[in-house]
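Chemist: Next come the chains, spelled out residue by residue.
There are 2 protein chains.
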Amino acid sequence: MARKASLSGFPEWLPQERLVELHVLDTLRRTFELHGFSSIETRAVETIGQLLRKGEIDKEVYGLHRLQAEEDPGAPDQDKLALHFDLTVPFARYVVENAGYLAFPFRRYQIQKVWRGERPQEGRAREFTQADIDVVGDGELPFRYDVELALVIAEALSALPIPDFRIRVNNRKLAEGFYRGIGLTDTAGVLRSIDKLEKVGPDKVAELLQEELGATPEQAKAALQLAGIRTEDTSFVAQVRALGVEDELLEAGLAELEQVIGEAARRVPGKVIADLSIARGLDYYTGTVYETVLVGHEHLGSICSGGRYDALAAKGNRKFPGVGLSIGVTRLVMRILGQELATASRQVPTAVLVTLANDESWSEAQDVATELRSRGISAEVAAKAEKFGKQIKYADRRGIPFVWFTTEGADGSLAHEVKDIRSGEQVPADPRAWTPPAEDLLPQVTATGRI
Amino acid sequence: MARKASLSGFPEWLPQERLVELHVLDTLRRTFELHGFSSIETRAVETIGQLLRKGEIDKEVYGLHRLQAEEDPGAPDQDKLALHFDLTVPFARYVVENAGYLAFPFRRYQIQKVWRGERPQEGRAREFTQADIDVVGDGELPFRYDVELALVIAEALSALPIPDFRIRVNNRKLAEGFYRGIGLTDTAGVLRSIDKLEKVGPDKVAELLQEELGATPEQAKAALQLAGIRTEDTSFVAQVRALGVEDELLEAGLAELEQVIGEAARRVPGKVIADLSIARGLDYYTGTVYETVLVGHEHLGSICSGGRYDALAAKGNRKFPGVGLSIGVTRLVMRILGQELATASRQVPTAVLVTLANDESWSEAQDVATELRSRGISAEVAAKAEKFGKQIKYADRRGIPFVWFTTEGADGSLAHEVKDIRSGEQVPADPRAWTPPAEDLLPQVTATGRI
Numbered sequence: 000m001a002r003k004a005s006l007s008g009f010p011e012w013l014p015q016e017r018l019v020e021l022h023v024l025d026t027l028r029r030t031f032e033l034h035g036f037s038s039i040e041t042r043a044v045e046t047i048g049q050l051l052r053k054g055e056i057d058k059e060v061y062g063l064h065r066l067q068a069e070e071d072p073g074a075p076d077q078d079k080l081a082l083h084f085d086l087t088v089p090f091a092r093y094v095v096e097n098a099g100y101l102a103f104p105f106r107r108y109q110i111q112k113v114w115r116g117e118r119p120q121e122g123r124a125r126e127f128t129q130a131d132i133d134v135v136g137d138g139e140l141p142f143r144y145d146v147e148l149a150l151v152i153a154e155a156l157s158a159l160p161i162p163d164f165r166i167r168v169n170n171r172k173l174a175e176g177f178y179r180g181i182g183l184t185d186t187a188g189v190l191r192s193i194d195k196l197e198k199v200g201p202d203k204v205a206e207l208l209q210e211e212l213g214a215t216p217e218q219a220k221a222a223l224q225l226a227g228i229r230t231e232d233t234s235f236v237a238q239v240r241a242l243g244v245e246d247e248l249l250e251a252g253l254a255e256l257e258q259v260i261g262e263a264a265r266r267v268p269g270k271v272i273a274d275l276s277i278a279r280g281l282d283y284y285t286g287t288v289y290e291t292v293l294v295g296h297e298h299l300g301s302i303c304s305g306g307r308y309d310a311l312a313a314k315g316n317r318k319f320p321g322v323g324l325s326i327g328v329t330r331l332v333m334r335i336l337g338q339e340l341a342t343a344s345r346q347v348p349t350a351v352l353v354t355l356a357n358d359e360s361w362s363e364a365q366d367v368a369t370e371l372r373s374r375g376i377s378a379e380v381a382a383k384a385e386k387f388g389k390q391i392k393y394a395d396r397r398g399i400p401f402v403w404f405t406t407e408g409a410d411g412s413l414a415h416e417v418k419d420i421r422s423g424e425q426v427p428a429d430p431r432a433w434t435p436p437a438e439d440l441l442p443q444v445t446a447t448g449r450i
Numbered sequence: 000m001a002r003k004a005s006l007s008g009f010p011e012w013l014p015q016e017r018l019v020e021l022h023v024l025d026t027l028r029r030t031f032e033l034h035g036f037s038s039i040e041t042r043a044v045e046t047i048g049q050l051l052r053k054g055e056i057d058k059e060v061y062g063l064h065r066l067q068a069e070e071d072p073g074a075p076d077q078d079k080l081a082l083h084f085d086l087t088v089p090f091a092r093y094v095v096e097n098a099g100y101l102a103f104p105f106r107r108y109q110i111q112k113v114w115r116g117e118r119p120q121e122g123r124a125r126e127f128t129q130a131d132i133d134v135v136g137d138g139e140l141p142f143r144y145d146v147e148l149a150l151v152i153a154e155a156l157s158a159l160p161i162p163d164f165r166i167r168v169n170n171r172k173l174a175e176g177f178y179r180g181i182g183l184t185d186t187a188g189v190l191r192s193i194d195k196l197e198k199v200g201p202d203k204v205a206e207l208l209q210e211e212l213g214a215t216p217e218q219a220k221a222a223l224q225l226a227g228i229r230t231e232d233t234s235f236v237a238q239v240r241a242l243g244v245e246d247e248l249l250e251a252g253l254a255e256l257e258q259v260i261g262e263a264a265r266r267v268p269g270k271v272i273a274d275l276s277i278a279r280g281l282d283y284y285t286g287t288v289y290e291t292v293l294v295g296h297e298h299l300g301s302i303c304s305g306g307r308y309d310a311l312a313a314k315g316n317r318k319f320p321g322v323g324l325s326i327g328v329t330r331l332v333m334r335i336l337g338q339e340l341a342t343a344s345r346q347v348p349t350a351v352l353v354t355l356a357n358d359e360s361w362s363e364a365q366d367v368a369t370e371l372r373s374r375g376i377s378a379e380v381a382a383k384a385e386k387f388g389k390q391i392k393y394a395d396r397r398g399i400p401f402v403w404f405t406t407e408g409a410d411g412s413l414a415h416e417v418k419d420i421r422s423g424e425q426v427p428a429d430p431r432a433w434t435p436p437a438e439d440l441l442p443q444v445t446a447t448g449r450i
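Taken in sequence, the protein lines are chains A and B. If you use numbering that gives the first Met the number 0, the first sequence corresponds to residues 0 to 450, in order. If you use numbering that gives the first Met the number 0, the second sequence corresponds to residues 0 to 450, in order.
Everything labelled a hint here was simulated from the structure, so no lab data went into it. Backbone N, C-alpha and C define an ideal beta-carbon position, used for all residues, glycine too. Hints should not be assumed to be uniformly reliable.
To list a few chain A residues with every Cβ distance to chain B over 12 Å, as calculated [stated by the list, open to error]:
1. Glu59
2. Asp78
3. Gln209
4. Glu211
5. Arg240
6. Thr342
7. Gln365
Selected chain B positions facing chain A (in silico; Cβ < 10 Å) [claimed, not checked]:
8. Leu21
9. Phe142
10. Gly375
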């Protein structure tokens with residue numbers, strides 16, 4: 000991260016940094032697949048009509064035009080193409096288009112780049128990778144998936160070389176029911192005010208609620224009391240009840256959130272918390288809402304967000320409810336690299352450099368490398384029979400741990416030795432049997448002490 | 000492939016098809032890493048100035064504009080952004096920008112989507128994935144890499160569920176030297192004519208050479224004789240020499256091509272052939288040129304092409320020669336899926352569905368699934384305690400091979416059984432010890448009889 004991206008907002012990694020990113024991507028993929036999520040990818044482009052389906056686009060979208068095309072002013076704007084700005088809108092389209100071919104409930108993961116033309120800043124790029132998991136049902140979707148997804152994400156994040164995290168969960172029904180119960184019916188308005196809590200503080204929010212939404216001081220106080228509740232277990236239920244508000248929707252929301260927090264407290268204690276101050280997202284999700292912060296890195300913003308939609312997608316009268324979460328992979332990787340939270344043990348996949356005693360032995364050296372590769376050992380052959388010192392330096396510069404030497408005896412027989420260039424130890428070795436220690440087989444990505 | 004892409008030229012796969020694509024991508028990655036190639040990715044966009052660096056863009060490029068941006072007519076066109084149309088131009092820029100951080104010769108692989116606004120047709124999409132490997136040197140790059148890359152690609156393609164292939168190799172020095180030796184100095188012009196050989200036949204090409212390039216009948220005949228040479232071993236050298244042309248550059252080219260074909264004939268017999276009719280690419284590469292066809296699918300065009308550049312990139316006086324190849328992954332996957340050359344053994348990663356005897360046992364069932372996952376077995380838990388028949392049907396529809404049953408004894412102890420739903424066999428099992436047969440652990444992608 001000494002380097003600056005040559006194009007602001009479009010980060011690129013050096014090979015050793017890329018190994019850290021690959022480790023993150025592979026870990027997420029593995030966790031998702033262990034939980035039965037299927038991989039899909041959607042095209043990078045959507046029609047503008049599709050992107051507008053959910054109303055105004057509040058994201059900065061990149062439109063596409065063919066440089067060499069004769070302008071076709073007749074094509075309606077909504078048929079023009081633009082780069083997708085998230086993976087949810089494309090997934091919803093994919094579900095509708097392929098509904099006849101998918102088995103519902105359909106569990107999918109999707110790891111792809113998305114683009115937003117926003118002003119680049121800390122933790123915010125114009126091109127970045129998201130890793131999404133969603134479960135989508137046909138007509139109905141059991142609430143249990145809301146519980147399961149929090150667990151899967153907690154497991155996925157726990158497997159990454161990142162600081163401790165908290166998945167903060169709230170529920171739209173709980174919030175809306177509570178506000179309704181105290182007589183505030185402009186849920187969206189209340190959420191907008193509550194969302195400012197961390198920035199402007201409770202006094203200012205109380206003022207906003209009264210001035211902008213006509214709340215009484217008692218209503219404002221109650222709304223703030225609700226937003227003040229944050230528990231690692233299901234004790235939030237009693238705390239909400241103690242506020243004395245009665246509403247059917249509130250009860251439904253409490254029961255749902257209790258299921259999520261209860262199961263998570265048992266299985267991944269401390270990772271998933273009820274946080275009734277969470278307001279962002281509650282205006283478009285219809286039930287559970289998740290967001291996630293890294294402990295000690297709260298300023299970075301949410302690194303994983305999502306929630307439940309009653310209708311993630313719809314096809315005529317047919318509704319597809321869904322619940323899902325999206326991990327901001329690039330945001331995480333930028334933080335890991337920027338603060339050296341984890342590093343790769345070497346620059347290259349290569350575990351062994353097969354050296355050349357003379358220029359004619361290249362083909363023989365390839366035979367050795369082929370033997371090693373057949374057992375999963377990454378091997379390169381030197382391109383030229385330079386002095387051994389130079390060949391060893393080639394390995395050393397790249398962090399390749401082992402170099403291989405083959406010498407031909409007077410009788411034409413070959414003798415093999417392998418040297419660990421860190422310890423200097425050199426031993427006889429058989430290309431058909433030798434293997435490096437497990438930790439040297441592949442580049443290892445490990446957390447540094449800085450986490 | 001019963002389905003048509005909803006946006007022409009932008010293919011998307013169903014989950015079971017995506018498993019085939021993933022298998023191709025994973026196989027390529029594994030092969031490249033076993034040979035010591037480092038992964039990098041570059042941003043999807045380049046400035047138009049960058050894309051134009053090599054002269055006119057003959058590809059249909061997608062330019063980008065921000066939908067909500069006030070137009071900034073002051074920005075020079077060359078600073079505007081466009082989607083990359085290959086991975087070579089971005090890699091050249093990456094090498095120049097990061098030269099101070101890379102160890103040369105630098106071996107990298109890069110698997111990413113690229114975009115071209117061309118008219119979609121068989122084997123040609125607007126968004127498609129390329130898998131590139133290149134080795135780039137600082138100042139110089141031993142010729143041996145030209146040999147090695149042919150071998151790596153042959154190994155990578157051999158590992159894919161595709162029909163047999165031929166990597167056809169030619170050499171710019173050989174061709175240019177030969178034409179010069181017979182008195183034809185407009186190499187580009189001759190190559191343009193020779194390139195039409197397959198389409199219009201030798202008589203027509205002889206005519207073109209005489210009419211458009213002023214060749215004598217003898218010169219045209221010699222050029223066609225060269226183009227007629229195609230050998231699986233190094234016998235092409237003698238065949239060229241028999242044509243009696245003498246030229247220094249021709250000799251250099253013969254020696255280079257002999258190295259490639261000689262080593263390949265020994266290591267991967269029949270896969271890499273000298274084909275002196277190859278003309279495409281010879282006008283911009285400076286030495287070796289590769290292209291690859293699938294046997295019986297020649298109409299699909301080249302599925303893997305590349306060559307040697309004396310200066311893949313340059314930074315002032317500093318030159319970075321390179322040699323590389325690019326596999327058309329999407330073209331291959333479209334063919335595999337379109338002709339069902341390979342299939343995935345199931346739709347989902349899940350190997351075991353853990354069923355529910357009653358709704359309260361969900362958490363216990365998660366414990367079982369967690370045990371299985373800890374040993375790398377993908378497992379899902381049923382979301383509802385429906386009738387067992389329904390739960391088994393859930394597994395059956397997705398091709399999940401095993402379902403797990405847990406029953407609680409009168410004394411509270413748990414009894415576990417696992418059923419193979421294909422054979423119907425049901426046996427007692429311990430969640431901490433049971434594993435499925437290796438072939439059921441992950442979805443298997445296997446070639447069908449159609450290859």
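Chemist: Now, for every hint given, state plainly whether the structure supports it.
Modeler: Quick rundown of the hints versus the structure:
| no. | hint | result |
| --- | --- | --- |
| 1 | Glu59 | violated, 6 Å |
| 2 | Asp78 | violated, 10 Å |
| 3 | Gln209 | holds, 34 Å |
| 4 | Glu211 | holds, 27 Å |
| 5 | Arg240 | holds, 24 Å |
| 6 | Thr342 | holds, 15 Å |
| 7 | Gln365 | violated, 7 Å |
| 8 | Leu21 | holds, 6 Å |
| 9 | Phe142 | holds, 9 Å |
| 10 | Gly375 | holds, 7 Å |
Checked against the numbered hints above, the structure violates hints 1, 2, 7; every other hint is satisfied.
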